[in-house]
Every structure is written in structure tokens, then in C-alpha cells.
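Chains as they are written, first to last, in my numbering: chain A, 1 to 507; chain B, 508 to 870; chain C, 871 to 1251; chain D, 1252 to 1564.
Because the hints were derived from the structure by calculation, they are not lab data. Even glycine gets a Cβ: it sits at the ideal position worked out from N, Cα and C. Don't take each hint at face value.
[As the list claims (entries may be wrong)] So these bits of chain C aren't anywhere near chain B, every CB distance computed over 12 Å: (1) 892; (2) 1075; (3) 1213.
[Claimed, not checked] With a straight-line cut-off of 27 Å between C-alpha atoms, the simulated DSS-like cross-links for lysine-lysine are: (4) C:1131 to A:264; (5) A:447 to A:198; (6) C:1101 to A:368; (7) C:1022 to A:341; (8) C:1101 to A:350; (9) C:936 to B:607; (10) D:1562 to A:7; (11) A:341 to C:987; (12) D:1562 to A:341; (13) D:1363 to C:921; (14) A:106 to D:1444; (15) D:1334 to C:1235.
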Amino acid sequence: MEALAVKNIVKKFPNVLANDNVSLSIEKGEIFAIVGENGAGKSTLMKIVYGLYTPNSGEIFVFGNKEDIKNSHDAIKLKIGMVHQEFMLIPRFTVTENIVLGDEPKKGVVFDYKRAVLEVKELSEKFGLKINPTEKVENLSVGIQQRVEILKILRRGAEILILDEPTAVLTPQETEELFKTLNALKQNGKTIIFISHKLGEVMEIADRVAVMRRGKVQGVVNKPDTSEKELAKMMVGRDVVLEVPQVKVEKGKVVFSVSGLTVKNTRGIIGLKNVSFEVYSGEIVGIAGVEGNGQAELVNAILGFLKPINGKIYMGMEEMKFITPYNMRTRGMSYITEDRKRRGLVLPFKARENVIMGQHSLYPFSNKGILNNQAIDEFVTKKLEEFDVRPPNGYIKAESFSGGNQQKIILAREMSMKHSFLLASQPTRGLDVGATEFVYKILVEEKKKSKGVLLISLELSEIMGLSDRILVLYGGEIVGEVMPSETTEEEIGLMMLGLKRKERVEQ
Amino acid sequence: TKKQVTVTKIKIGLVTDVGGRGDRSFNDSALRGLETWAAKVKYVQGGGYEALSDSDFTASIPDDLKDKGIAALNVEPVVLESKVQEDYIPNIQNLVEQQKCDLVIGVGFMLASAIGESAVKYPDTKFMLIDSTPADASGNSVDLANVSSYLFKENECGYLVGAIAGYATETNKVGYVGGMEIPPVLRYEAGYKAGVKTTNSKAQIFGQYANKFDDPALGKIATDAQITLGADVIFHAAGATGNGMFQAICEKGAPYWGIGVDVDMGLDPKLCPDRTVTSALKHVDLATFDAIKSVVDGTFKGGVTTLSLKDGGVGYAPDHVKDVLSADQISKIENLKKMIIDGTITVPEDPKAVDTWATPTTF
Amino acid sequence: MKELFYRLFVERKEKYWWMNLLVPVTSIVIALIVGAIFIWSTGRDPFLAYKLLFNASGLVPGPYWKSSFTEMLLSSSLFIATGLAFAIAARSGLFSIGAEGQFTVGAITAAYFGYAKPFAALPTIIHLTIILLMVMLAGGLWGFVAGYLRAKKGINEVIVTIMLNWIAFHLIEGWLVTGPMAADVSTGVISGTPSVSPTARLPIILHNTRLNIGILIMIAVIIIIWFLLYKTTFGFEIRAMGHTAVWGMEASRVQGININKRIMQVMLISGAIAALGGSFITLGINFHYPPVADSGYGFDGIAVALIGQNEPFGILFSGILIGALRTGATAVQIAHIPKTFPSIIEGLIVAFIALQELIRYLLFKLVKTKRTAQTEGGLTQ
Amino acid sequence: MNILNQSLAQMLDFAAPILFAALGGVITENGGVVNIALDGIMRFAAFFGVWGASVSKSPWVGLLWGIGIGILVGAFHAYITVKWAGNQIVSGVAINVVAVGIITYFLELIFKTTGYSPTVPYFGSAVNRISIPFISNIPILGAFSNLTIFVWLSLFLVFGLNFLLYRTVLGLRIRSVGENPIAAETLGINVFKVKWFSTIAGAVLAALGGMALSIGSLSSFTNSMPAGKGFIALAAMIFGRWTPFGAMWASFLFASAQVLQFILQATAKGIASKIPVGFYLSLPYFLTIGALIGVVGKAVGPAADGVPYKKEG
Ligand SMILES: Nc1ncnc2c1ncn2[C@@H]1O[C@H](COP(=O)(O)OP(=O)(O)OP(=O)(O)O)[C@@H](O)[C@H]1O
Ligand SMILES: Nc1ncnc2c1ncn2[C@@H]1O[C@H](COP(=O)(O)OP(=O)(O)OP(=O)(O)O)[C@@H](O)[C@H]1O
Ligand SMILES: [Mg+2]
Ligand SMILES: [Mg+2]
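For reference, chain A alone in the conformation it holds in the complex (with noise of 0.2 Å):
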């Protein structure tokens, strides 16, 4: 039986053309995945069918009745679900709270939070999604915060359920759990449609994919009769190589290093704890570790936002006394940043704008604080075509940008700074596997320049591929440090899960 039909959809923006005449039928029962480039239309797609947006033209069918969805009131009552990709919680608010929102146990008027909890617990426990219902959701780890996401939609009774690239903030062991997961749900006969740039995961869970590109819909494959690479071809309109080409260079001196530093979060909870350690020039470090445990609080020692209560940070030989991402910055610091529209770009400025940032007061680009516009336009020009963004017209607006170009302005503009050290925390999160592959062959071009790089990343397989060394964080602590030559994955999954220790290897 036909869970969902959409038949003809159009979406016009007032840029692009999101959908273009998209037609597509996923059976009951079945997982059914969609893969295509950032910006191919997918979450367009799924929020016209969720009631967010009103197509231009086309139809829904929802188990075969023609249906005008005109909000997510709608949808929610056709039994429509929605993870959607940006998590739609409220941080301030308990698990609970974000749970019941819309559709809440109540006395009269009132709010009745005892039931809610009792009600919350029930569920996931019914469908062994483990949460603390009276935690606030602030506190919570992304993965966490995911199956928060899935509680709701299922406590609605959902029996279509919509995915949105649910697995990119999660570790492998947790994208196994939700897996698991969705079995379950599939065999109850739930219908779910499931979005991924991870390929090895769609080949995984999907029954069929359908592959996206430009708003249009390619092709829809039965799963047995395709594989990885098709996809990615399908996808991208080319060959993707994904493996990374490994590169030895000559170890230099050191570039950045920490010593026994130990943060505060902004929640007061001692989130790293007594940390040290070096990167050198020519060398990629890799920080591997579940979310949560202490790289944000690295990240933001390091840039200056959060106050180490012990510990030293090291540029070069350079202690730095005063850290602010300016001092860091001037002191060699090149930064790709996890979440690149609220801290990677100022997303209302001009593509220019963004790409000069930070070499803004730098000559040539300013002459005595006055800006010169020429050098500014000439020197842009060649960093979008080098970065190859699309479109390369440094006029545009960032947040205009798809996802993927929005990362290469990132790169072209921390690329070009005068700079020995790259911290690169999750460079690739979100991205398609186009734009992935452009961001390794970035990290491997740092690497043979000589530059030392820290890169953060929850994907395993990327810590492996790129990394000369690996440290693993588990509880604010590095429990590891191994050389990907001579481990595993599993090696290094049992100490992200703090089940195993490895001590430092000297060199």
C-alpha cells in the first residue's frame, strides 16, 4: 500500500527553483532513503510535504486520499512525523516539556508536568530510547537531543516518519542504536523516509533510495541493484573518490600546543580535564571522541570564549596569556568552525565581505583602516574560482549560498590567512560528498604545506583516513593516543566509550 505520494511538486524561491516537477511514492512499511547534493532539495521537498511550505503547484497524497497539508497541524493530525534537520527543540526547556509541547496532558488549564513526565518515561522505555525526561535540553548531548527528537514525533503517533539527515551529529555507536530503532518501527509498519549525505549508512537501512539533483528527482533504485559509488555518481554527476591518499611529510617543529589545560563550561561542570598536548608542523592530529565530551570546551578554550581554570595554551613556543580569537589569530590560527552560520559567516555580508574577514585591516585590503575595494574585488575573484564556489560572484550574499558553498567560503577565506596552525572542527559536518571530498583534499594540501593541523571530528572514518595521530577524548580526558596504523576502529570506539586507555606513545 502507498504510505505517500507527492505528484508534480514545484517550489520556486525567489533564487532557485527548490523542486522542480517532483514526483515520488514510498510504499508503507518500507525505509525509504533520499540522497542528493547540498541544496538538491531534499528538506524543501520533505517540509512541503510536513505543511512548513506551500508548494507552487503539485499534489500530496498521504495513504492514497489527496490531502491539503496547509501547516504542520495537518500533517501532525494525517500521522506525519518530522526529524527535521535542524533540531527543532527549545534548549531552555526539560525533555519533557519539548515532548508534550503541542499536545499536552493537562488539568483544565492546567499544565499537568507529573503526568507529562510519567507519560514521557513510558515511551521511552516502550520504544528503549533512554532519556532523563526532567533534564533540560541545553544539557543534553546531540545525540541525545536526536532521540528527543524521535520520542515526539512517535508519542504523536506517527506512522509516516521523516528523517532528515538524522545521523549527522551522531557517533557511530549511536547511529547503530538508531538504526536498530527504525527496524523496530519499520517492523511495527511504519513508513519511514530517511535523508543522509552518508552513503555506507543509506546502503545500510534503506529499502529504495531516490537520488535528487538540482530539484529534480534522477532515479529511484531498489537497494540491491545499486551501490555506494553508483549513488555518489548518480549524485554528484561524476566519480567520487572518497579515500584519502595518504601523505607523509616531514615532521617540523611544534606549532600549537596545550598543557595541562582544564575548562569550565558554561554550565559550571568541569568539561576538560588537565589536557595536554602538541601538534606539530606536517602532521594532522585527529580528535576523535562522542559528542560531549569536551571538544566544544577545547574549541572555546582555544578561541578565548571559555577561561581554562588551569593549563596553558601555546602558539608556537609563545605562551599566549591573553587568548582571544584575535590574539590566536594573529598569532597564526586559521579556524573552520562546526557551525558555520552562526559562527563561520555573517551571513547577511557579501561573499567578498566573508571571504576577506579577519584580513580585512591587512594590507592590501585596507590602507590606514580605509578599505580598498579593488584589491579587494581582485583578490576575491581568485579565491572563489581557486575554492571553486558556486556561483563565484563575490556580490552575493552568504546566507544565499548552499550549505556546501557556504563551507568553501569558509575555506577559502581561513585558507588564505597568513597562518602555521588549523583547528578544524568538524569541517565536513552536513556536507555532501562532493563538498567532503574538496574539504579533505584541503586538509591534506595544509599538511603538505607544512601546517599543523588539529582537526576534530565525530566521524571515525575521517579521524582515520586524514590523521597521523589520534587522541581520543572520553569525559573531558585524553584516554588515547594511537597511531591509525596500528589500531582499529574498534580499538578506538571502546575508548570513546571509556572502556579502554592506551597510553601515549613516544616518538
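Add chains B, C and D with the ligands to chain A, keeping to what the hints say.
Just chains B, C and D with the ligands now, kept in the frame of chain A:
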């Protein structure tokens, strides 16, 4: 024929200070002199004027001015209110150039420079200035042939109401609420304190400034604070801020008394007539009327006129004085009044001088 | 000039650039129409009211044009000052309601250095320069306090600026003007501070009017601020801060902008500009600080900045517009309309600026079919 | 009654208008709409309350009129900021500016003055007070022995609003909309309806604040009302971290400083009497800043406060 009448009418322009129409104080008082008395009209809804009935006209003249020869003068009023200081000069300019007024009245000492400058610029127009003499560019007083200034001895009427307060208080504590520390208000304060000191040397005086002429809520809590401290007679010279004083007095009722300022507030049913023991009167209305009359009669002269107790330009209102003071005390007040008129007593103008001021001992 | 042209017509060409000009103009027209209906519904003559208003406003030539036009420019320069003060803070993501207090601080500082003995003997150029510098310093400091507390202590600038307004007001009018700076009433007649010396008066640029160089100074300030915003690294940084303000200016900080320093600098500049406006009222209009000066220019500056869309040249036009409405305001009393009527128009203009989505939608509806209007002009709900 | 009780009672009386308006700000901004129009709304309602009371000779009718205009102005704010996703600050400024112009106009139109309205029956008169004589001599409690219903109402509303925001379904939804409207929308909550409600409810509370001045504590409207109290309320709301009790303490702090200031001024002796009034008068404002530096520090509002919510596409 009606048209002819309007053409021959003398036009009188008036610029209010920022307080504007309806301040229940000297702007309104000046407007009474111009609109009610000189022009015999009533300001009505939708703007404009309508004729005033004879009975209303008579009723509008207070008892102490009945003998001042107030009668309609067949003039046409043009009133411009000022929103901010910066409006004074453009308003005067408008009245002179566009409205072609014969006399332009500036209400309040804040117009001193504006009138001073304009009088030089328009030597053919006559000006009247209330509460101040005209000022030149450096703020000094100048004598101009086309400006007639009217000053008031607020300290004299302040003194009399202070003397009444000194008798009226049962707690030996009296209060004073000022708007801002500006000359006329300071003169009131000085007179009031001197008056209290004269009739009741034991009395403690609470003084407060709200720094605002237009916030009754502040006047109310200031008064409440004084009542809390034990004051039972309170005088204000604070414009609308003082309305809050009457509000507080009215709410508390007996035994508290309020004293009004500028006009006879004991007659104003909108304030607190039942608990207004007296008011310090300052007849801006009379001064305005007199100035207009001099223009109509052709006797207008430049120079300064200072109105005092002597000529009835200031005074105190009888209101509830009889109910509070004994006959003996009332006659003493009248005595004091006489002594000021004949110069036996000189009331201080500066509150700081009150402490060292020698109080009269026999009266 | 080329740059201005570029900004107005080329850069804004995002499909329907004319919208950016048409929307404010339409707002003004609709506000005037609504105002007329209002006057008419209260039984007064809207035509007469507007005739008086515009004749006296200086916007349209008429019999007394010279004086009304110059008066209009005189008051516009004050609105431009407070408008710019709000705008520059707003552009950097700060919400400053402090122009009111900074304005009065400027006015009192100008009065002091205008009459104080050692300065009063100096030649005009030197005297004025000293005064204006001191004015900007004092106003700048007043703004800086809010900037400092925001930058160093994270204290919301809205509260601090509101409190500082009142503190300025009470200290000036409850202490300085009636105390140490009070004019000697025994030698003069004005209340408040003594008059400033003739060398402290802003030179008149049009004979027989009050129009002085204040407006020229303000135009220069507009150009400087525009240059600062769009041509310098400083402006680059504060615009970045403004754009990222919703997220605590995080992106700006990460990119190496010293936002704390910039916040303090911006508040200093903002305060200095507002104070400059305040000094004009002392040095060009009243020539002393009056005992009561509850002017409201600071709050109107917010409206001016918003009508001018926080753009320096936009504020030039909105400042002139509001200046004209104010200049014409007292004249409407001849038609027995209260002097605050122009405030209604001013508020309505601001309201329609806030409703620009609606106006865009309506304008598109005029020129296009309904469907495209919905997707391109406005939003559907 | 002792001095403490009387001063406390005065403090409550003076705080009420500020508190009402601050509570109005709390509910509006918890729903994600910035409300700098508090001052303007207070002015509208202060006038309409008096007008109603003057026409009907009953303060209760005035109260209804004031609430009515509060609803209208709130709806205007909501129409601009919610329906058309207009800039909330711009809309608030528009209301403030219009209020200045239009109320003076009305004052002249209806009462033929531009200064003050006539006095009208009000809630401060003895018949309209809630008198509890037997507690009048108990310290502190005695302050409550003779308050107007407006003061009581302001105190009850603190509890009421706290209950609404933190205990009821509607409150949960209001806060969710102020924190993350898109999330609320995806859960089927009608964000627009909630915002309309919180904006109008906030305006009604601010309207009560305006009336607490004109027909609550005084008995007439004066043209300068509310003399900047709306902005003080705005500060109190931020100071109180967007919570009802926080707003209450902030309003109390401010009002106590004001009462204290007058008492100090009145009783100043010796050296203290030489201190210029300006210093006394600015005491409340210095205290507020001092409290922010010393105790309160950084305040963080609802996450989506001030961000226009548009439903896209
Ligand atoms: N609200 C919007 N307004 C304007 N354009 C939009 C909007 N949302 C999406 N777009 C545009 O529509 C296109 C499709 O975006 P969509 O988010 O559907 O892509 P996607 O396939 O989900 O990409 P990703 O893999 O990065 O999530 C993009 O080009 C994007 O720029
Ligand atoms: N209102 C808008 N106007 C113009 N562009 C928009 C608007 N809203 C979103 N976009 C753009 O649409 C694109 C797609 O939106 P979306 O949030 O799905 O990002 P994305 O391309 O999927 O990137 P990511 O990989 O980070 O999810 C982005 O480039 C975004 O900046
Ligand atoms: Mg997407
Ligand atoms: Mg996307």
C-alpha cells in the same frame, strides 16, 4: 457688518511657554486675561472661540479683582503654544509676520531672550513679557521701548500663606513641594519659609523638589512622604506636579491642608477645594488684561511693572482660612500684610537668606 | 557620489530596486492620507491644516519661505544628530536609547564652555573648536559608560541608557543649572545658565535668519559616518557585529573582531554625535541652557533613524522630513489643531515603515498579478 | 500607622504602574515580541481610562475603556509585527510617537485643554479602597491595610502571570514561541495565534499600568503622562530577567529608592541639606545601575525575542 468688525479688531498674539494651555497655573491665568476678559470669548471644542455669556464673564472675575475695571475690549486673540523652547522665536515670528498682531504676549520668564530678540527685530510691534524683563544676547536685562514687562513679588504672597501655614499646623510640621529651583519658585519658597518662621518659630519645614513641573505622580509621593514624616500643612509651587499634592491631601482628608499657588485653587472643584486652606495668588491674568488694555487705549508704555501686595497683583485667597485660624490670628495676618505694604517688613527673595532673616516680633 | 549612485541603484538592484525608494515614499503618502482622514473625522479642515503645516514647514516655497526653510534646517540638524547617534549604535547591534541624555549633556557642556571665563575671551574659531571638542568628549563619555558596562560586564545597554538619561536630566536640572552653573539673577534676567559669549555662537550662514553652520557640520558628520561605515575597516567590523548581534556577535568575534573594544568605541561615537546636536541647541538657538529643557530630541531620533533605515543618507532625508513637520507644527494651531498633530503623522510614517511588507505586497499587487505578488513581494500566512 | 508602613504603602502605590507595565512586557516578550511600546500604551490607556470615567462618572467604566484601548493598541502592534512580520522596534516606536501626538489631540478635542483633564471618579477614593483596619498597626503587614484595588491587582497579577507562564498549557506554549517559534510550529502550535494573544495580553497589562496612574493613583490625566514610566518598566522587565517576580522586585527596588529619596530630601539636615536635589533625585537610577553591576549582571531574554516570525514559502 460682522466682517468689518473683525477687520477693525486689534489682534493680540500670545505665546505660551512649554506648559501650554490647561496648566491650571500661569499659562491659563494669562489666557484668562486675554481670552476670557479682554476678548470675552470661550475656547471651544473643534478649536476656535464662541462668545461668552455675561454671567460667565462676571463669574470669571475673582473677588479681589472686582474693582479693577475688567471689561471686554473687543480684541481678537491668537494663541500659539510652544512644544519646546526652540518654538518661542518661530512662534513670535509667525504672530508678527503672518498674523500681524499688534501686541505679542510672552508668558513666562523662559521667553525673556525670545521676546528681547524679537522686540529688537520688530520695533513696530508691541510686546508684553510676564515674569521677566527682556534679555539681550548675553542674558542681561535690557530696556526696550516696545516691551512692557510684568514681574510679581511671589515672596510676598508666599510669605502670607507661610504665615497662615504656621498657624494652621497642629503638628508643628509643614511641607513645601517645589517644581524646580527657578527664580519665581525660589521666591515662593523663601517667602513661605519666612512666613512660617514668623508665626510659628517651632515649626519644622520639610522642603522637596521634584525637578519636574509635569509629573503629578511625583508630587503625590513627595507629599505622602511629608505626611508620613508628620507634616499637616503643605504648600506647592510645582505646576502640575502639585496636582499630585492635592490628590494626596484629598485622599488623606482631615486634618491635612494644602495650599495652592498662582491662582485660587480653593475654587477649583477639580483639585481639592475642601482641604485647600488658602492659595498664594499671582494675578498674571490682571497683568495680561492691563497690558492689552493699554494697547487698546493707546497708552502702552515700555518698561517694568512689578506687581506686589500693594497694588493687589499678588495676595492670598480666603478659602478656608476662617475655618482654621482664629479671628485674632487672621487679624495678625492682615497686620503682616499691611506691614509688607508699608515697607516695615521686607520679605527675603532667596531661601538661603531665610535662616539669617530677622523675623518681625510684633505684629 | 559615484559610490552613492552605485549603492542606490546598482547594488540594490536585487530585482526591484525601486522598491527601496518607493516603500518609504508610499509610507509617507499613506501616513498623510490617514492623518487627513483623522483630522477630518474630528471635524476640522484637513486641507487647511496641511496648507498651514507645509507653508510653515519650509518644504514648499511660499511667502515666508526663507524664514521657514531656515528654521526647518535648524531643527533638522538636531534630529539628524540624534538619529545618527541611534543609527550607528543600531548598525553595530546595540540598542541605545541614550541619545536623550547625551543630547542634554552636550547642551550643558556647550553652555559651560561657552560662558566660562578663560574661554570666552578666545577668538570664535578657537573657542568654538574647544567647545565642540569638549561637548563630544562629555557626550562620548556618557555613551561610553553604557558601552563599558555592556562590554565588560555584559549589562544590557537598554537599561543603562535609560537610567543614564534620567541621571543626566536630574544632575543637570537638579544641580548644575540651579546650582554651580546658575546665572546670576541679580545682573541678568535669564534663568538657567548664563548666556554663552558671542564667540561661542555658531556663525550664521544666511543673513537675517537663525540658520547657522550647525546643519553644515551635521552634513559633514553624515558623510563621515557613511565613510566610516562603508569605507573603513572599523565600519566593516561594526556592520559585521550588527549582522551577527542575534547570536551574540559570535561570528564577528571568531573572525577576530575585538567586539568589546568596538562596542565601547561605537557608544562613544554615538554619544559624541548626540551631544553635538545638544550643543547646537545651546550655541545656535537658546544661547544658554534653560532651567527646563525636556526636549525629547533623543527619542525622536529613534524615529528619525528608523525612517531613514539606519542609513546615514537616509537619515539626512528623514531628519529633514521630521524637522519640517516640527517646524510646521506650531502653525497648525492657527487652524485650532493641537501642536502635537505632526507627531501623529510622524508616528504613522514609522508605523507604515514597519508595515513595509504590507506595502510591498500592495505595490506589487498594483503592478503584477496576485500570484507573483504573493511569492515575490510579501509573504503568505 | 508607623513611618515604615506608610512608606511601604506609598512604595506599592508608586510601583504599581511600573509593575503592571513591566508585567505586560514580560508576557509580550516571553511570546517573542519585543515591546518598547509600553510607554505609549500606558499613555493611551491613562487617557482613555479618564475619558471613560468622565463620561460615565464611574471609574469602572474607565477601566473598561482603558482595557479596550489596550486591546486595540496591542492588536495594532500584533498586526504589524505578527501578521506582517514587521520590525518590532519600529512598530513600538511608532506607537510611542503616535501616542504623544494623538492623545494631546484627544485631550484638546474632548476636554478643551492641552494640559490636564478634569478630575474624574477614581480608585483612590475611600469607597474604592480595600480597607483592612485591624492589621494597620502591625509592622509591614500594616502597609497593606488601606491600598487601592489597583495595587492589589498588580500584586495578584504577579502571581497570576507566574502561574500562567509556568503552570498552564498556554504559558508553556507562549514560552515555546518566544524561545523557538519554528519548533513550536512543527509541533502544530499556531504560532501566530499565540503571538497575537501574548502581544494583546501584554498591551492590556501595560494599559492597566497607565490607568494605575490616571485613575488608580491620581484622578486625572495630565499631558505628560506617563512621564517615561514605560521605559522604566522596560528596564524593570529586563532587570527582572523577563520573569513576573523578577519584574516585581525590580519595580519595588526602583519605587523604594524613589520614596527613600523624597524622605531623605525632606529630612536632610546639616551637610545633607547642602546636597543638591539632583543627587537625591538621581538616586533611584544610580541604585538600579549599581544593582545591575553588583548583583544581577547579565540578563538573557527569550531566545527568539525580537526575531520576526515569518512562515516561509
Ligand atoms: N527558505 C528558503 N528561501 C529561499 N531559498 C531556499 C529556502 N530554503 C531552501 N532554499 C533553496 O532551495 C534549494 C534547496 O534547498 P534544500 O534545503 O531543500 O536542499 P537540501 O537538498 O535539503 O540540501 P542539504 O543536503 O544541504 O540539506 C537550495 O538552493 C536553497 O538555496
Ligand atoms: N530566507 C532565505 N532567503 C534566502 N536564502 C535562504 C533563506 N533561508 C535559507 N536560505 C538559504 O537556503 C539554503 C538552504 O537552506 P538550508 O538551511 O537547508 O541550508 P543547506 O543548504 O541545506 O545547508 P546545510 O548543509 O548547512 O544544511 C542555505 O544556503 C540558506 O542560507
Ligand atoms: Mg536539507
Ligand atoms: Mg538543507
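Comparing the hints with the structure gives:
1. 892: The claim stands: residue 892 (chain C) keeps its Cβ more than 12 Å from every Cβ of chain B (closest is about 32 Å).
2. 1075: holds, 17 Å
3. 1213: Answer for residue 1213 (chain C): violated, closest chain B Cβ roughly 9 Å.
4. C:1131 to A:264: Answer holds: residue 1131 (chain C) to residue 264 (chain A) is near 25 Å, not above 27 Å.
5. A:447 to A:198: holds, 25 Å
6. C:1101 to A:368: Holds, at about 11 Å.
7. C:1022 to A:341: At roughly 26 Å apart (the allowed maximum being 27 Å), residue 341 (chain A) and residue 1022 (chain C) satisfy the hint.
8. C:1101 to A:350: holds, 15 Å
9. C:936 to B:607: Distance ~18 Å between residue 936 (chain C) and residue 607 (chain B) Cα, so the pair holds.
10. D:1562 to A:7: Holds, because 23 Å separates the two Cα atoms, which is no more than 27 Å.
11. A:341 to C:987: Since the Cα atoms of residue 341 (chain A) and residue 987 (chain C) sit roughly 58 Å apart, the hinted pair is violated (cutoff 27 Å).
12. D:1562 to A:341: holds, 20 Å
13. D:1363 to C:921: Roughly 23 Å separates the two Cα atoms, so the pair holds.
14. A:106 to D:1444: holds, 20 Å
15. D:1334 to C:1235: Roughly 18 Å between the alpha carbons, so the hint for residue 1334 (chain D) and residue 1235 (chain C) holds.
Taken one by one, the earlier hints fail for this structure at numbers 3 and 11, listed in ascending order.
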